[in-house]
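Chains as they are written, first to last, in numbering that gives the first Met the number 0: chain A, 0 to 449; chain B, 0 to 449.
Incorrect hints may have been included.
You can't tell identical chains apart in this list, so a pair holds if it fits in one copy or across any two.
[As the list claims (entries may be wrong)] In the DMTMM-like style, the derived pairs of lysine to aspartate or glutamate whose C-alpha atoms are separated by at most 20 Å in a straight line are: (1) LYS90 with ASP261; (2) LYS345 with GLU196; (3) LYS364 with ASP62; (4) LYS364 with GLU330.
In case anyone wonders, no lab produced these hints; they're calculated from the structure.
2 protein chains.
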Amino acid sequence: MKKTDVLVIGGSAAGLVTAVTSRSNFPDKKVTVVRKEKQVLVPCGIPYIFGSLEGSQQNIIPDSKLENAGVDLIVDEVTSVDCEAKICQTKNGEQISFEKIVFATGSVPNVPKWLKGTDLENVFTVPKDKVYIDALREKIKNIKNIVVIGGGFIGVEVSDELNKVGKNVTLVEVLPHVLGAVFEEETATKAENALIERGVTVKSGSGVKEITGQGKVSGVLLANGETIKAEAVILSMGYVANTELAKNAGLELNIFGQIEVDEYMRTESLNVLAVGDCAQKRDFFTRRNTPGMLASTACAESRIVGMNLYGLVTTKNFKGTLSIFFTKIGEQGFGVAGLTNSIAKKQNLPIFTSRFEGVDKHPGKLAGAHKQMVELVVSNRSGLLLGGTVIGGASTGEIVNIIGLAIQNHMTVYDLLTIQIGTHPLLTAPPTAYPLVKAAEIAVKTLRNK
Amino acid sequence: MKKTDVLVIGGSAAGLVTAVTSRSNFPDKKVTVVRKEKQVLVPCGIPYIFGSLEGSQQNIIPDSKLENAGVDLIVDEVTSVDCEAKICQTKNGEQISFEKIVFATGSVPNVPKWLKGTDLENVFTVPKDKVYIDALREKIKNIKNIVVIGGGFIGVEVSDELNKVGKNVTLVEVLPHVLGAVFEEETATKAENALIERGVTVKSGSGVKEITGQGKVSGVLLANGETIKAEAVILSMGYVANTELAKNAGLELNIFGQIEVDEYMRTESLNVLAVGDCAQKRDFFTRRNTPGMLASTACAESRIVGMNLYGLVTTKNFKGTLSIFFTKIGEQGFGVAGLTNSIAKKQNLPIFTSRFEGVDKHPGKLAGAHKQMVELVVSNRSGLLLGGTVIGGASTGEIVNIIGLAIQNHMTVYDLLTIQIGTHPLLTAPPTAYPLVKAAEIAVKTLRNK
Numbered sequence: 000m001k002k003t004d005v006l007v008i009g010g011s012a013a014g015l016v017t018a019v020t021s022r023s024n025f026p027d028k029k030v031t032v033v034r035k036e037k038q039v040l041v042p043c044g045i046p047y048i049f050g051s052l053e054g055s056q057q058n059i060i061p062d063s064k065l066e067n068a069g070v071d072l073i074v075d076e077v078t079s080v081d082c083e084a085k086i087c088q089t090k091n092g093e094q095i096s097f098e099k100i101v102f103a104t105g106s107v108p109n110v111p112k113w114l115k116g117t118d119l120e121n122v123f124t125v126p127k128d129k130v131y132i133d134a135l136r137e138k139i140k141n142i143k144n145i146v147v148i149g150g151g152f153i154g155v156e157v158s159d160e161l162n163k164v165g166k167n168v169t170l171v172e173v174l175p176h177v178l179g180a181v182f183e184e185e186t187a188t189k190a191e192n193a194l195i196e197r198g199v200t201v202k203s204g205s206g207v208k209e210i211t212g213q214g215k216v217s218g219v220l221l222a223n224g225e226t227i228k229a230e231a232v233i234l235s236m237g238y239v240a241n242t243e244l245a246k247n248a249g250l251e252l253n254i255f256g257q258i259e260v261d262e263y264m265r266t267e268s269l270n271v272l273a274v275g276d277c278a279q280k281r282d283f284f285t286r287r288n289t290p291g292m293l294a295s296t297a298c299a300e301s302r303i304v305g306m307n308l309y310g311l312v313t314t315k316n317f318k319g320t321l322s323i324f325f326t327k328i329g330e331q332g333f334g335v336a337g338l339t340n341s342i343a344k345k346q347n348l349p350i351f352t353s354r355f356e357g358v359d360k361h362p363g364k365l366a367g368a369h370k371q372m373v374e375l376v377v378s379n380r381s382g383l384l385l386g387g388t389v390i391g392g393a394s395t396g397e398i399v400n401i402i403g404l405a406i407q408n409h410m411t412v413y414d415l416l417t418i419q420i421g422t423h424p425l426l427t428a429p430p431t432a433y434p435l436v437k438a439a440e441i442a443v444k445t446l447r448n449k
Numbered sequence: 000m001k002k003t004d005v006l007v008i009g010g011s012a013a014g015l016v017t018a019v020t021s022r023s024n025f026p027d028k029k030v031t032v033v034r035k036e037k038q039v040l041v042p043c044g045i046p047y048i049f050g051s052l053e054g055s056q057q058n059i060i061p062d063s064k065l066e067n068a069g070v071d072l073i074v075d076e077v078t079s080v081d082c083e084a085k086i087c088q089t090k091n092g093e094q095i096s097f098e099k100i101v102f103a104t105g106s107v108p109n110v111p112k113w114l115k116g117t118d119l120e121n122v123f124t125v126p127k128d129k130v131y132i133d134a135l136r137e138k139i140k141n142i143k144n145i146v147v148i149g150g151g152f153i154g155v156e157v158s159d160e161l162n163k164v165g166k167n168v169t170l171v172e173v174l175p176h177v178l179g180a181v182f183e184e185e186t187a188t189k190a191e192n193a194l195i196e197r198g199v200t201v202k203s204g205s206g207v208k209e210i211t212g213q214g215k216v217s218g219v220l221l222a223n224g225e226t227i228k229a230e231a232v233i234l235s236m237g238y239v240a241n242t243e244l245a246k247n248a249g250l251e252l253n254i255f256g257q258i259e260v261d262e263y264m265r266t267e268s269l270n271v272l273a274v275g276d277c278a279q280k281r282d283f284f285t286r287r288n289t290p291g292m293l294a295s296t297a298c299a300e301s302r303i304v305g306m307n308l309y310g311l312v313t314t315k316n317f318k319g320t321l322s323i324f325f326t327k328i329g330e331q332g333f334g335v336a337g338l339t340n341s342i343a344k345k346q347n348l349p350i351f352t353s354r355f356e357g358v359d360k361h362p363g364k365l366a367g368a369h370k371q372m373v374e375l376v377v378s379n380r381s382g383l384l385l386g387g388t389v390i391g392g393a394s395t396g397e398i399v400n401i402i403g404l405a406i407q408n409h410m411t412v413y414d415l416l417t418i419q420i421g422t423h424p425l426l427t428a429p430p431t432a433y434p435l436v437k438a439a440e441i442a443v444k445t446l447r448n449k
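Chain A on its own, in the form it takes in the complex (with noise of 0.2 Å):
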């Protein structure tokens, strides 16, 4: 029997920090990462080995990390765990004890029940696997025509890139435009034109009924009666937790399949952790349950982990998850941090929002300027920071997380209102109209009138 005081389950982004994190903050502890996976892609890079990158190689998470922080790393697949007992056993038949054990173990693609063809070859989805991913690149070598189902944020970036190659391709979505579920209507609409200004062919407002073929695929059946030719399709319709291991070790799951646990992601017993995708989020306003998979977020949950596995020495500054996410179609950039306006009326939260268009260099006669639009969504009463949508350059990114730090330190549009932020014309919007502090100055006007 091999022994270990920290056992993490699953090597991506999530098992990766906790593993490393763990090893730093107690570095008399042995920490033992066992995963599937020979080699670990970067999970947010994954869309860019059908284009951009040269191929999956160039998307890998170096094993030197592990290395480096003295972390065992064992490639095997834990078929079940005993949390009592405290061991686990795998499929190369080996036995781990350990101390602490963290759950990574992930999502994987969803792939509906009630969409008939998804068994049809040339039938794909986009896990976290690069011996699939491989595989999946080489298949559609020759291909020509390829739908890609569902346009969240990796529908849209694998249609951007499959494009960018010559493919020509069909992205649809059942809602009225991609990336409808992140961004309110205006700016969702604005990512679709961009996408399909550059060459992908966008069919949103209707859903697919079937996926059609002999054995192969052939086409792809909307619910509005229309057929689109394809001779590979891509399910990009979301995520579920890859909970099964966790559920039948006897751990509790939320109504998102996900390890329910405590803010610093523990689980009814102390020793027994999860983070990443497969464990429960809390939202960071309404502290509900939210399905919310993102690679940061993980990130930020794993780091908590990995220093207060043997006692809550670093609290939490920040309560619940805050949704900050972005995108990038051609050279604009597209996010969100927080609520937007429908997901907070959604939810019962009384809000307004304010918005300011400016560029995000000065002049804006200088070379590779872009719009910039920031929208604040702001509460009714106190002014409190909510959330907030920016469209843009290559900084677009950046931005985003200050509206993110923002809301994480509780401000009010009162407060931004009078921060100092640096500009330079080759680097941001001008001081007289830096487009956060404008909007702010909107929202303050708007409450004065309230």
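With chain A's structure known, arrange chain B on it following the hints.
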């Protein structure tokens, strides 16, 4: 006699934002800007007139910003102010009475008295003056060899731009490296090397002794005896507050010649205010006088004034001036928020630094990925974040702003350690190694071992 409620003297960033914000917050008040210049340059954009832009016309703050806000504009020069009688005189012989007056008279280039030869033909400065800059540009059109004296931000940016359009540029800096007053030696060296790689000749470590020539400039003699041939010389040796008018009006000036004001930019009289380069600033950490002159700071001050002219209704969230600035040389960004190691040491603030080097896209194999370095300056005992230096790509500015916001929110490295950030392959560092969080992680480890 003309009559206004709010009189703003000066039409650059500070004057503009003061006037527009005042009108927006006090729509019943008449707001008038008096400025000398027919057209106003975007101040931070001035260096780019020499290369990246087609001319100064592309770097104008449009008067429509004033017009749209309903601000009256008078192009004239205020020659004296009677603060008691609330009347000012202008060069064109006008008298203007006011309720509130805001000095936004800015700064003018520093031309050291000890330096011989500054009156020679083809010796220039870089004032915020379109007419002067246009003439300068015209005069150096057919000149090849230009020496720029002073390697601060303006000197560096002007050198880089002149080099870009084929001039043979030598930049002279008395400190060991260009930008040595704001960056630590290592960062300054990297910035200097970036400039050299782009073709600028840099002579750092030896100041200038004399500008030589008969009537017209012919060269620059350095303190180390070396002579550099020059057909034109551009002085970028700092700026001094333009406060002759204020002094003559009886206002108190501080040791930097700036108008003394309180946290809300008010002088002894609540009806007489000052903003921007001409106004006193107090350091965020020590509350000492600080000479910093930044358009971004000026705009933050101006918003405070515009909102609080008739009563302190929008109290400031942050006290004191925080230095936040950055520049770009080629594809590399260099920036600082708050304290550097040396400045902290000079003020006897016990600190340590922690640093992480990563990449601004992920995987790093993606086209256009840049190295991204974040170095934090942290208080020895409390772990309070006091500063941060960033070297990176296009997102450098906004990352410096994230650090600036964290400082203004009085965050510690413990807080930073657990923040939630968003990440994306094309827009940011990876979630597993976001440099700001990793640097905080290293800082917390250092604190533990102290």
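Do the hints match the structure? See the list:
| no. | hint | result |
| --- | --- | --- |
| 1 | LYS90 with ASP261 | neither (30 Å within a copy, 71 Å between copies) |
| 2 | LYS345 with GLU196 | neither (32 Å within a copy, 55 Å between copies) |
| 3 | LYS364 with ASP62 | between (46 Å within a copy, 17 Å between copies) |
| 4 | LYS364 with GLU330 | both (17 Å within a copy, 18 Å between copies) |
Of the numbered hints stated above, those contradicted by the structure are hints 1 and 2, listed in ascending order.
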